[in-house]
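**Q** So the chains spell out like this:
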Amino acid sequence: MKAERPLVELKNIVKEFYGVRVLDNVNLVLWPGEIHCLVGHNGAGKTVLMKILSGVLQPEAGEIWIYGKKFSKITPRKAKELGIFRIPQDPELVDDLTVAENIFMGDLPGKVLFNPTKLYNDERVLKIIDEMGFKLDLKKLIRDCSRAEKQMAMLIRGLLRRPRVVIFDETTAPLSIREQRAIMSLIKKLKMQGVGVIYISHRIDEVFNIGDTVTVLRNGKVVVTKPVKDLKGMEELVYYIVGEEIAQELKFSRNKQRIDEEARRVLLKVENLSGDMFEDVSLNVREGEIVGVFGVVGSGKTELAETIFGWRKPKRGEIYLRGKKLKINSPKDAIKARIGLVPEERDRLGVIQYMSVSDNIVLPSIARFKKVLRTFLSMKEIRSVVRSLIRRLKIVTRSEMEQVRFLSGGNKQKVVLAKWLASNCDVLMLDEPTKGIDIATKFDVYRLLDEIAREGKGILVFSSDVDEILMISDRIYCMVNGRIVREMEHRDANRDILLNIALGEAYVKA
Amino acid sequence: MKKLTSYFFIKILYRIFRSYPAIPFIVILIIIAAIYEPAFLTPDNFRSIASYISILGLVTIGMTFAVLLGMFDLSVGGILCLTATIYCIWYMGYYYLYLPGPGTIMFVKELNPVLPEALILLGVLLIAVALGLINGFVIAHFGVPSIVTTLGVLILSRGLAWTLSGGNPLYTIPDYIKYFGQSTIYGVPLTFLFWIIILLLTGIMLNCTTIGRAIYQVGGNPEAAYAAGVNITSTRIIAMGISGLMAGLAGLLMVGRTGVMHPHYGMGIELDALAAVVVGGISLQGGKGGVVNTLCGVLFLGILTNMMNLMAIEAITQYLVKGAFLIALVLFERKLEVRTG
Amino acid sequence: MSKPNNTRENSGKVISLKQTLSRYKQIIVLVVLLIASYMITPAFLSSKNVFYLTRIASIIGIATLGMTIVILTGGIDLSIGSIAALSCVLLAYFEHWGIYLGYVEELSFIAPLPIIYLMCLGVGALVGLFYGYIIGKWNLPDFAVTLGGLFALKGISYIIPGGQTIFGVDGFTKFLGGGGIGIIPVSFLIWIGIAVFVYILLNYTTIGKAVYAYGGGRDASQMCGISPVKVKMFAYAICGILAAFVGIIYAGRTDTGDYRVAGTDLMVNALMATLLGGVNIFGGQGSIAGVLIGSVIVAMIFNVFDLTGLHPYPRDVLRGIALIIILASLVKGEKLKKA
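Chains as they are written, first to last, in the working numbering: chain A, 1 to 510; chain B, 1 to 341; chain C, 1 to 339.
Read the hints as simulated data drawn from the structure, not as lab findings.
All the given hints hold, so there is nothing to weed out.
Cut-off 35 Å, straight-line C-alpha distance, at most; resulting in silico cross-link-like pairs (DSBU-like, lysine-lysine):
no., chain 1, residue 1, chain 2, residue 2
1, B, Lys288, A, Lys150
2, C, Lys137, A, Lys371
3, A, Lys135, A, Lys78
4, A, Lys336, C, Lys137
5, C, Lys137, A, Lys150
Please build the complete structure, drawing on both the sequences and the hints.
**A** Below is the structure:
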């Protein structure tokens with residue numbers, strides 16, 4: 001590599017949301033022709049960092065140097081002018097416009113007037129489609145497109161204006177093997193042209209496949225930045241991602257005390273449930289059991305959890321609680337059936353940001369506090385229940401009347417858990433329960449789940465964190481592309497087996 | 001062979017009806033009107049409908065711009081009124097100004113209208129645009145919901161209009177405007193042709209200009225548009241500015257058509273425009289719809305109003321019909337969406 | 001850990017030393033206005049005017065309480081003026097049952113007075129329940145539905161007495177509208193009573209919590225089992241009842257039943273009072289004490305306009321400007337909430 005200026009230098013980037021630090025003094029350097037992989041657990045801050053680089057978000061502190069020039073703030077348009085392009089995880093497209101119009105969003109030919117038909121036979125677009133071997137109908141409306149087609153549209157948009165920096169954020173997830181290979185060769189070609197590539201992926205094998213350098217983020221901090229060739233294999237990388245503490249704590253008490261399961265009754269049974277992103281799912285949870293559903297991002301597990309909870313409508317299938325068939329049309333029905341859900345999107349679905357901790361905790365079970373004249377709420381009772389839960393879960397907050405939005409991610413999650421404890425549910429589902437949460441709180445959560453299970457409740461955990469699943473589950477289901485492909489007892493499961501199933505042949509190859 | 005063509009024909013009809021749900025309603029309405037009111041099918045009546053439509057139509061075009069972006073403009077009636085009032089007052093040469101004091105004192109100020117016609121016209125329209133831009137700025141820059149912002153501008157502009165005119169009707173309207181407002185070409189009112197031209201221009205703008213496409217992009221998915229580098233703030237401001245301009249044009253056309261400026265002009269037109277937008281098939285959430293929808297909606301509302309006028313239903317009673325109609329419309333639009341969406 | 005510096009009031013909790021910051025702001029504005037008003041017209045503090053001012057504040061205040069609940073759910077009711085007008089017309093109509101609509105020696109009641117009141121309030125409730133149901137069930141845009149209602153109800157109020165004004169209502173209603181107990185207007189006592197009632201509703205009942213929850217986070221609240229239909233029906237029904245009550249008071253004050261007694265003026269005043277009271281236009285935040293002060297502020301402005309003889313037309317100009325300024329300055333901090 002010639003001695004030249006780096007394309008991008010991010011110095012001491014700090015980003016906060018509602019007073020919570022999601023990026024803490026992050027540094028990253030990108031050279032021309034370098035493929036720089038950015039890895040880390042769910043919620044570590046990778047996408048936020050890239051959003052800052054592409055101008056969508058502004059940092060609270062830090063410097064952004066591009067081609068040797070310093071910027072304290074970039075707008076998306078400026079980033080585009082500078083040749084920085086981000087291909088996001090969730091395609092940012094307008095449903096009611098055609099593929100071609102979306103490709104040219106922000107980049108229409110002509111300053112004011114233009115000929116709409118030009119969009120459909122643009123040479124550059126056609127060339128890219130041809131080279132990549134894509135099959136894409138430019139006239140199709142985005143709402144009618146498959147996930148893969150949407151991703152392709154985003155890709156073409158980025159390549160259209162000869163970018164100098166391209167950011168791939170979990171691009172390969174919805175694509176077929178052949179398309180993934182096309183992406184990989186595209187990235188290699190970009191490298192040869194001197195374009196800098198930042199590649200975000202959950203797939204460690206991809207890092208070893210094409211990466212030159214890798215940066216590991218954990219809880220908003222950079223753990224390490226190293227050339228890929230200096231890594232001693234996958235274990236070292238995993239070690240950085242997952243952290244030392246977990247390695248030691250892997251002997252979680254849960255594994256030791258295995259009580260006879262056969263005698264336990266089945267609490268929740270899901271039979272042949274089909275919905276938006278999943279097909280023919282059957283699983284069950286017994287009393288006192290923690291069942292894990294392991295699947296990567298996009299495997300349909302969130303949709304499954306939300307459907308069981310009544311937030312989404314199923315196409316077919318049944319749900320039984322203690323053998324009785326349930327008709328769940330809304331979360332209200334699920335709550336009545338004593339099922340709870342700790343959703344993945346904590347800020348949008350898990351907590352009500354502008355309400356107090358206390359109100360958030362008692363909301364689903366509010367009816368039981370109607371003590372005064374059988375209609376009015378007893379503040380005293382609410383206070384005592386809330387305070388005892390805050391104590392039990394060690395929720396850090398100035399007072400129970402503080403608005404939830406001021407709490408850290410981990411404490412917000414504790415509030416959500418407290419909410420379901422207060423409602424005394426029988427089955428608790430959790431979707432990515434420790435996403436974006438610090439280590440200490442993570443283990444508080446695991447301990448709590450263990451306690452709850454011991455009380456005889458059933459717990460269903462949906463997670464893409466293989467260590468988490470292994471640590472706390474009694475039984476594990478593997479979910480791939482919307483289907484349950486395997487069920488196994490904890491003693492039969494280990495890391496390799498699970499990752500193998502989830503990632504398929506790609507994993508085995510590496 | 002015959003079966004094939006009829007099948008084909010039905011398929012096209014079905015497609016048209018799906019995209020423009022107002023069309024069957026318009027047809028039904030025309031049939032009902034023709035049966036109950038013999039006066040409906042006369043060329044005179046059509047002229048009257050066309051005249052009314054041109055005014056409502058302009059305002060509705062403005063409303064379309066707003067709705068495509070997910071915003072609403074309640075101030076159109078007020079801007080219409082103020083534009084027309086200032087225009088007339090300029091030619092009148094004086095206006096009223098109420099000042100607080102022991103009792104109400106009215107000051108009458110003299111004005112000197114020795115400016116070229118075009119300049120006055122331009123000036124008045126500029127005021128209309130300015131009000132629209134104020135709407136846009138408060139909405140786009142401060143993030144205030146469009147409903148309450150435009151409500152504020154509505155009250156402001158109508159109040160200002162009534163202040164200046166003293167609440168009195170004004171009669172000083174230049175001849176050329178009256179000529180424009182009242183003449184016809186081969187029986188078709190000039191104002192109607194004017195509106196059709198504006199409608200076509202709007203269609204071209206929405207489909208073939210950057211700003212037009214930006215409107216659909218921002219209306220369809222603001223976050224995506226922002227990330228792609230589209231300037232959502234200026235898109236919104238421009239759209240509201242256009243809405244203001246349309247309202248101003250409508251005001252001028254109105255005084256041209258009737259030859260007098262009544263203080264209550266524009267009252268309730270926001271209801272009509274909103275109903276027209278919804279009935280024409282433009283989604284209130286933004287990003288969907290075009291000028292054909294606007295055309296259908298305006299046609300429908302124009303015919304409906306005309307029908308009620310022929311049946312001698314008073315304006316206030318018409319409110320009842322139109323208000324209930326709007327509620328029903330919004331209800332069915334949503335129910336339809338849920339089923340197909 | 002840095003916190004955003006606009007400390008919004010806690011949902012529902014009034015008695016908390018912490019939020020005095022926002023509360024002080026309102027009281028300061030109030031006091032400043034008081035002094036300014038006195039300087040503009042010394043007649044401001046005459047006992048006759050204080051009585052008059054309190055009466056206006058009560059009327060605006062009652063309507064504001066209703067508007068507040070609706071705004072807390074993230075909605076708005078543009079039609080409260082028309083509901084009040086309808087209620088006013090209905091009251092007079094029910095008291096001229098089967099007889100001449102002009103001044104008469106003796107009124108003809110369709111039913112005993114309390115029943116008539118119930119019917120008027122009931123109509124307000126029905127309108128509100130209707131709004132709430134369709135808005136809640138199908139997630140319709142609040143403003144469009146209530147805009148339609150504004151015009152439709154205005155039309156109905158006009159049609160019922162056949163376009164005429166009905167003259168004359170019963171004495172008790174007139175007492176409610178204009179009378180006083182000592183120096184305190186009756187409407188003031190009613191206003192305070194309703195305020196206490198609404199406060200209890202919002203803070204000590206499940207439906208009250210649901211209102212704040214839904215306004216504070218639509219999706220998250222539904223995840224907790226909150227039913228949008230119930231919340232919206234409750235909010236709009238209360239708003240409708242309170243608007244109808246204002247209509248009854250108007251009937252008493254003007255001694256007539258006419259659709260023109262109330263219109264968008266009432267709605268805009270209530271809206272401004274709500275906003276000045278610290279209620280977030282997007283919903284989920286705000287307290288009763290704040291809107292009480294807000295109502296007084298709006299009433300004072302209205303009153304000063306009256307005393308200085310400012311004509312209604314320029315008043316509107318000022319009102320429009322004030323609304324925009326209030327909105328722009330209040331919402332700036334809240335931009336974070338909506339994308």
